[in-house]
Amino acid sequence: MKTLNIRIIITLIVIAFSIYFIYPTIQYYTLSDAQKEFMPKEKLRELKKKSINLGLDLQGGMYLVLHVETPKNANLNEKNDIVERTTFVIKNRIDNLGIAEPIVQKIGSERIMVQLPGVLDRERAREIIGRTAQLEFRLLAEPQILEATINRIDRYLSGENDTIRDTTKIDTLLKNKPFSSLLVNYGGDLAISEELIDSVKKILNREDIKNLIPKGYSFFFGNLESAGNIKFRKLFLLRDKADLTGAYLINAVATVGGDQFNPNAPVVSLEFNPRGAMIFANITSSNVGKRLAIVLDSFVYSAPQIREAILGGRAQITGIQSMQEAKDLANILKAGALPAPVRILEERSVGPTLGKDSIEKGTKSIIFGYLFVLIFMMFYYRLGGLITVTIQALNFLIILAILSILGATLTLPGMAGLILTVGFAIDANVLIFERMREEMRNGKDFISAIEYGYKNASRAIWDTKILHFLAALVLTFFGSGPIKGFAVILAIGVATSLFTAVFVSRLIFDILVYKFNVKYIPI
Amino acid sequence: MGWIDLFANANYDFMGKRRIFYVIYILLIIFSIFVIFLKGINFGIDFTGGNLVQISTKNSDISKVRSALLQLNLKDVSVQNFGQEKDYIIRYSSEIDAQIVVNKLKEILNDEIILQRAEKVGPTIGSELRRQALILSIIAIGLILFYIWIRFDFYFGLGTILALIIDVIMVLGLYSLFQLEFSTITVAAILTIIGYDVNDSVIIADRIREFLKKYEGLKIESSKLIEIYNKGINSTLSRTIITSLSTLIVVVALLLFGGPVLYGFSFILFWGIIFGTLSSIFIVSAIALDLKIRKKV
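If you read the sequences in order, they're chains A and B.
Offset between the first sequence (1-based) and my numbering: plus 1.
Offset between the second sequence (1-based) and my numbering: plus 49.
Treat the hints with care, as some may be off.
Unchecked claim - Estimated spans, in silico, between C-beta atoms of each pair:
1. B:PRO172 with A:ARG8: 53 to 59 Å
2. B:LEU211 with A:ILE108: 36 to 42 Å
3. A:LYS516 with B:ILE73: 49 to 55 Å
4. B:SER176 with A:LYS73: 18 to 24 Å
Stated by the list, open to error - Partial selection, computed: residues in chain A whose CB lies under 8 Å from chain B:
5. SER366
6. ALA472
7. ALA473
Keep in mind the hints are simulated off the structure, nothing from the lab.
Positions of the beta carbon are idealized from the N, C-alpha and C atoms, including for glycine.
Could you put the whole structure together from the sequences, leaning on the hints where they help?
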């Protein structure tokens with residue numbers, strides 16, 4: 002056996018490499034929280050990078066697939082550019098949140114995948130990611146124009162009601178003022194209570210009603226506000242032309258401030274670049290006394306009166322409910338508006354308890370699966386069975402090492418894949434042992450039975466492994482996260498199984514026979 | 050030799066009785082298709098779109114949860130026990146966030162409720178996944194047919210693919226019978242089975258070809274062919290069964306300890322492996338034999 006030493010060296014090298022690559026994973030996952038705290042951030046990140054990632058189904062977290070709603074008339078290049086910029090903005094927004102190891106990735110042509118490990122406030126995460134954050138400053142219509150418009154709508158609608166008077170009983174107020182009766186005056190502005198908002202929207206969205214609104218103006222709703230138990234939105238008539246947008250913003254900070262009535266309200270202070278400051282100065286100086294609305298994603302946050310020209314390029318968003326919201330808003334505005342709105346196509350969130358539970362279940366399955374095979378193989382192939390199943394422990398090691406190198410993710414189906422791989426790997430040993438038994442039945446001694454057993458079984462082994470690999474390969478194209486983790490492990494497992502179940506098991510037999518002069522191993 | 054050698058001297062006349070097995074198989078297929086049409090496949094939200102919420106409660110039983118859910122007016126709502134006794138999976142198709150549902154349940158049931166998992170799949174993703182699953186299954190089956198065809202012969206290839214399709218239909222029949230949820234992980238199991246199902250067929254085919262080599266160029270009578278096929282099956286019977294058992298035993302561990310998330314997956318693998326072993330003998334070899342006999346005569 003000239004090649005024996007070379008084979009021993011190859012095996013040892015593989016083991017050494019596997020241990021080398023798996024070591025960071027062991028190191029990382031055995032660190033206590035206190036140790037993590039103590040470690041330099043840089044070093045911890047380095048370690049994490051080198052170790053196997055746990056899938057969101059195991060560590061808990063949020064997985065999102067977003068669709069970027071690019072304009073229909075954009076060409077392919079433009080679309081691509083929009084999606085890329087959107088990905089970039091979302092990445093920036095998430096980076097400011099301080100979540101460990103978030104992933105934001107463009108997938109396909111117009112989708113973005115976001116993974117947020119550990120995040121539990123789903124609503125907040127969705128808000129931060131999905132909010133377009135289109136900031137605009139628009140002048141309000143003069144009060145006379147607003148009044149005239151409302152009256153026109155009232156007259157139009159009551160004329161319409163005349164025609165249906167016979168069938169419905171409408172009281173006079175509603176008959177004469179069908180639109181304005183839905184509105185109330187709140188601090189000089191029009192307001193609509195929450196339950197009536199839908200009816201107002203329905204009226205304002207009618208094509209014939211839109212014709213009654215003066216050219217160059219549109220209705221906008223305010224933020225949801227509350228007074229006592231009543232929730233309401235204000236209604237504004239704003240100019241269509243946005244005078245200044247968030248594109249000129251250079252900074253946004255959450256602080257407290259607000260107006261004289263509410264000095265401790267959370268606000269977001271905005272700072273514009275020189276060009277933005279100039280535009281702002283122009284608007285404010287030529288419109289003193291008028292009101293300027295701060296509109297975010299088509300909702301009016303506030304509409305203060307311009308008292309004097311503002312020259313420093315600073316402004317404030319008020320009307321924010323909480324400091325948390327102010328902080329998130331500042332973060333979003335700083336990261337910039339999304340170049341196109343996004344829609345959530347798929348969301349999967351797993352809580353940390355369920356994740357821990359899954360890790361436990363996966364580990365248990367692996368341990369018991371391994372024990373079951375061990376007992377079964379020891380029973381049927383005695384010492385030979387014991388040796389081959391023991392070698393399969395090496396299979397785990399090598400697969401995990403390869404996962405570390407690839408920076409792959411271990412999921413619950415992946416854990417199932419690990420133990421299945423061992424089950425599939427043992428197939429090869431069964432084929433070999435059966436051949437060996439056959440050779441011995443035909444009168445060969447143990448040593449030549451090894452030789453012929455391995456040789457004759459190899460064809461069937463390759464056939465089955467190639468077929469497994471084909472199926473696993475096809476599966477890697479299917480679906481998302483967890484399933485891919487399974488398919489990748491299955492595919493890697495085919496290769497590693499050939500090494501452990503054929504190469505290494507043969508090596509162990511040869512070592513026993515040629516180095517230790519063992520004449521027979523019960524199989 | 051061999052210490053326990055269950056099938057060392059096996060000599061069963063599988064091929065002589067193949068017509069009986071055809072009949073049994075045809076009945077099983079009809080039954081499976083009947084079940085699938087009658088009970089349908091319980092597609093999960095991965096394929097239909099909608100919401101799935103997994104919750105843990107302290108002391109609410111399923112009827113309480115169900116009546117509480119009815120008050121919420123959710124569309125297509127269903128609730129089922131999941132894993133632990135007081136853990137539930139709720140599915141619905143309304144556009145309401147999981148957290149809101151959980152908050153309302155907390156109020157109505159006056160119980161501690163933990164949101165364990167929330168999934169929401171839009172209809173686009175669902176139809177995409179359905180198409181993807183179908184296309185990939187066809188590609189996998191095609192690749193396997195191609196491999197067996199060039200490695201062995203077309204007859205074995207055809208027999209293998211027919212057996213594969215039959216096995217998948219039967220597994221799906223059982224899946225439908227128990228109304229387990231069909232999700233992406235189920236598809237993963239089916240594709241794995243497609244790769245594994247042919248294992249035993251390949252081992253048998255390999256052996257039969259070895260025996261047939263002696264007769265290369267000669268005309269073989271059909272009784273001789275039957276004998277050769279039987280010999281091929283019997284001499285590989287031990288490895289066919291033991292390889293399946295060694296894998297099956299791992300799957301049993303997954304069934305026992307893998308928890309509810311992996312249950313459907315393990316279920317498919319379990320029955321798939323069993324059906325695969327049986328069909329390698331009763332379908333693949335038998336059909337290859339019949340095709341061969343027809344060609345020779």
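Results for each hint:
For the pair PRO172 of chain B and ARG8 of chain A, the supplied restraint of 53 to 59 Å holds, since their beta-carbon distance comes to about 56 Å. Take LEU211 of chain B and ILE108 of chain A: their Cβ atoms lie about 37 Å apart, and the range 36 to 42 Å holds. A hinted range of 49 to 55 Å holds for the C-beta pair LYS516 of chain A and ILE73 of chain B, which are about 53 Å apart. Our hint of 18 to 24 Å for SER176 of chain B and LYS73 of chain A holds, since their Cβ atoms are close to 21 Å apart.
Restraint check, SER366 of chain A versus chain B: the minimum CB separation of about 4 Å is within 8 Å; hint holds. Checking ALA472 of chain A against chain B by beta carbon gives a least distance of about 2 Å; that is within 8 Å, so the hint holds. The interface hint given for ALA473 of chain A is met, as the beta carbon of that residue sits about 7 Å from the closest beta carbon of chain B, less than 8 Å.
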